[in-house]
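So the protein lines, in turn, are chains W and V. Note that numbering that gives the first Met the number 0 numbers the first sequence so that position 114 is 113, with each residue one more than the last. Note that numbering that gives the first Met the number 0 numbers the second sequence so that position 559 is 558, with each residue one more than the last.
By construction, these hints were calculated from the structure, which means they are not laboratory data. Heads up, the beta-carbon is just placed ideally off N, CA and C, and yes, glycines get one too. You may find that some hints are simply not true.
Listed next, the stretches of chain V that the computed footprint assigns to chain W, with coverage defined by at least 3 CB atoms under 8 Å from CB atoms of chain W [to be verified]:
id	stretch
1	554-562
2	610-621
3	631-643
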Amino acid sequence: MEVELAVAVGGLYAAGIYLVMRRSIIKLIIGLSLLGHAANLLIFTMGGLVRGQPPVMHPWETRLVGGFADPIPEALILTAIVIGFGVQAFAIVLIKHTYQATGTEDLKDLQSSDLTS
Amino acid sequence: MIYALLAGFAVGLLAPVAVRALRDRARWLITLLPLGLFTYFSHYVPRIQSGERIFFHYSWLPDLEIGLSLCLDGLSLLFALLITVVGAIVCAYSGEYLSGHRDLGRFYATLLAFMASMLGVVLSDNLIALFVFWELTSVTSYVLIGFDHEREAARSSALQALLVTGLGGLTLLAAFLLMKQVTGTFETSAMLQGASQLTASPLYPAIFFLILAGAATKSAQIPFHFWLPNAMEAPTPVSTYLHAATMVKAGVYLLARFSPILGGTELWQNWIIPLGAGTMVTGAWLALVQKDLKRILACTTVSALGICVLLIGMGTPTSLHACMLFLAAHGLYKGGLFLVAGIIDHETGTRDAEDLGRLGRAMPLTCAAAFLTALSSAGVYPFLGFIGKELLYESTLNASLPFLFTSSAVFTGMVFVTMGGIVAVRPFFRGDAQLPKIPHEPPPGMWLGPLVFGSLGLLLGLFPGILHSSLIVPAVHASLGQSVALEHPAWHGWDLKLLLSIGSLLAGGAVFWKWSIVRKFLAGWSIFRQVGPAALYDSSLTLLEVIARRQTRFFQSGRLNIYLLTVVLTAVAFLSWALSRDELSVSDLLLHRWRDVRLYEAIIAVVLLTSTVIAVKADSLLVAIVALGVVGYSVALVFLLFSAPDLAMTQFAIETLSVILLMLVLFRLPRLKNLSRRRNRLRDGIIALSAGAVTALLVLAVNASRGGGKIVTFYAENSLVLAKGRNVVNVILVDFRGFDTLGEITVLTVAAIGVYSLVKLRVPSGEEGDR
Chain W
0 MEVELAVAVG GLYAAGIYLV MRRSIIKLII GLSLLGHAAN LLIFTMGGLV
50 RGQPPVMHPW ETRLVGGFAD PIPEALILTA IVIGFGVQAF AIVLIKHTYQ
100 ATGTEDLKDL QSSDLTS
Chain V
0 MIYALLAGFA VGLLAPVAVR ALRDRARWLI TLLPLGLFTY FSHYVPRIQS
50 GERIFFHYSW LPDLEIGLSL CLDGLSLLFA LLITVVGAIV CAYSGEYLSG
100 HRDLGRFYAT LLAFMASMLG VVLSDNLIAL FVFWELTSVT SYVLIGFDHE
150 REAARSSALQ ALLVTGLGGL TLLAAFLLMK QVTGTFETSA MLQGASQLTA
200 SPLYPAIFFL ILAGAATKSA QIPFHFWLPN AMEAPTPVST YLHAATMVKA
250 GVYLLARFSP ILGGTELWQN WIIPLGAGTM VTGAWLALVQ KDLKRILACT
300 TVSALGICVL LIGMGTPTSL HACMLFLAAH GLYKGGLFLV AGIIDHETGT
350 RDAEDLGRLG RAMPLTCAAA FLTALSSAGV YPFLGFIGKE LLYESTLNAS
400 LPFLFTSSAV FTGMVFVTMG GIVAVRPFFR GDAQLPKIPH EPPPGMWLGP
450 LVFGSLGLLL GLFPGILHSS LIVPAVHASL GQSVALEHPA WHGWDLKLLL
500 SIGSLLAGGA VFWKWSIVRK FLAGWSIFRQ VGPAALYDSS LTLLEVIARR
550 QTRFFQSGRL NIYLLTVVLT AVAFLSWALS RDELSVSDLL LHRWRDVRLY
600 EAIIAVVLLT STVIAVKADS LLVAIVALGV VGYSVALVFL LFSAPDLAMT
650 QFAIETLSVI LLMLVLFRLP RLKNLSRRRN RLRDGIIALS AGAVTALLVL
700 AVNASRGGGK IVTFYAENSL VLAKGRNVVN VILVDFRGFD TLGEITVLTV
750 AAIGVYSLVK LRVPSGEEGD R
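Starting from the given sequences, assemble the full structure and let the hints guide the process.
Structure follows, in structure tokens:
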């Protein structure tokens, strides 16, 4: 599955990068979101794929044994998902306001920090 | 000792408070510090005289072998005494000179900080400590030269001095690191043990030239001499202290300090002797064409520094003896001359030697002080300057090219006679004058300084033994690296040196007599203004600004997509370079592992990619958001299938939330349009696809090469034992890496506050109207 996921990661990166380079501010948001997924999957795949062996102990064990999945990338990604959501929420509200204040979604028209309306 | 060293910084901090509270009386209090330090350092004289070297060590950064290790020997003691005695006089003097100035407190603070840094330079045994203090003197001198910061000229001269000396400081640091590489230590005293190690090393030429650059910039040797006359924009007490007595001598100190470690080679002599001689003559020549009193003095200082460097380059006991004595003599008489020039400027409002005159009757005490210092500068018997000059001639007569060096030394001596006269005699006795103000005798705080300098020059000249055995001989020993018997300087009777001395006096007197004519004649064909190093400095500064502006305009286009383009292209370039060097079996992985896939997993991957494409291509916002949601759920499924249930749960929850949020906030926005031109879209598409390909390859390469990590084992072993948790991911988040999670919560809170306040915010609306 590594090969397939590598392709998926590549596809997500390509899509994310393409969208953040667009002039539409909404596409920028979607692109950011895709880039977040891409980075999470990148870390996840790099950490190694293990089927059906979560890093959780059975009640009778005192330590993890066997071919369990690596808990470190999982901990990292968990943090990243939540932070990514925080960023996304803030960006969405900010962009909504920008759009209302300036009446444009084109980044090219937003180069000046002064309100022109 | 460390208190003595750092007292300047501490008192400097308090100085503004003292000035505010006590006003003009504060200067006497502040003068007590350098005076006290002078007494403190003088009590070491007997121990140093007996040949002792006193070490003090204070730990600083022991892991990097950087310590505040101080070493007091003859050389540093001579400098420390000079720094403190001139410091005391300057502190008292500047209280009058800048009396009532609104920034007097700041002035004292910087001046004292400078004094402490200068003491640090001459006392440090550790090279890194020396470098730090060296740079501190550059920085404080920048502030002091630009003290009158509302004038453009003061600011640009301050910057010039900082750039030139700061550049030298950096080369010095490079030299010190190389020296550490060769000897394995930062301590100068330890390097002295294996002195031949450095001169024999293949790095020696590099070290030598870097040190030389540091010394030459600080001590205003050609071609860096131009900053010193320009630094005369500083208030006169600063010029007295920094540009006559102490800071500019730091380069001389450095060469003298390293002379036993790096000196004695052909390279050393072949470069330092011409450098010093060239500076000596250049400075003297430039002095002849100036008519601003302070610039005259600055040019003769350049010349005097050249003399010191020349004498160190020769490296014989006699020449080092001459150097140390000349250092002391010059510090005293040049300090005095500067203070006199300051008084004249302060009382008459002009420093133009062509306008000054008839001051003798108005200020008799200043006149007496000026006379004493001018005689020492001219090298008249029995002043200290006389002994200095005698020893200089003796050294040049014994040098390899006696005629060349002696004639240039005699020429310089002649200029010193003339210029001492121009600054300290002519303004007092000349017949006519055009003065902006009617001059009066200045208050005692001002004339006392030059009088002390002048009398010291006379006293120490009359009784040369005082200085000789107590300071000069130990200083010569320190810069020679061994002790030798030095002849006691005294009246030698009629010999060639004396004849030369008399000759330069007479010639100097003659030039003094006809100075106006000589100056105008020489100024006529002075071409250095257009092609000299100062012009080079100016044009390189302009060039730097032009490059900076172009570079800024190139990189800072102000458009997000251009920035991203730069970042992505750089990342792709580096990653593909790294991957192309990697000889990992990515192809093996491709061949064997792609079949290790189950049908439902393949379906998830296909769904993920398809919905990604839809999210990119969609022109309806709703479609794009739904496609984004599908991508998020597919990712969550991947997490679920590959042993990350916590991630899957979080991803499902968050994805649901964010789809709802996007819908709520964005659904009123218009349809997605293609704003960019087709050409740009194609360009971005190609770049994005190549970035995607590179990341895919990166994932494969990492998977092909992954080894077992040790950290995982730690968590696997200790999760239950140390943190009482069976879910290792949870344990990592809330226990082992608890602070990270705290940071994460903080970020979320900040984001939540931001969202809330934006929602509450009423913005002036554009087309959309109500919200």
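Hints versus structure:
1. Residues of the stretch 554-562 of chain V lying with their CB closer than 8 Å to a CB of chain W number 4, which satisfies the three-residue condition for coverage.
2. Remark: the stretch 610-621 of chain V is confirmed as covered by chain W, as 5 of its residues place a Cβ nearer than 8 Å to a Cβ of that chain, reaching the required three.
3. Only when three residues or more bring their CB closer than 8 Å to a CB of chain W does the claim for the stretch 631-643 of chain V stand; here the count is 8, and the claim holds.
Of the numbered hints stated above, none is contradicted by the structure.
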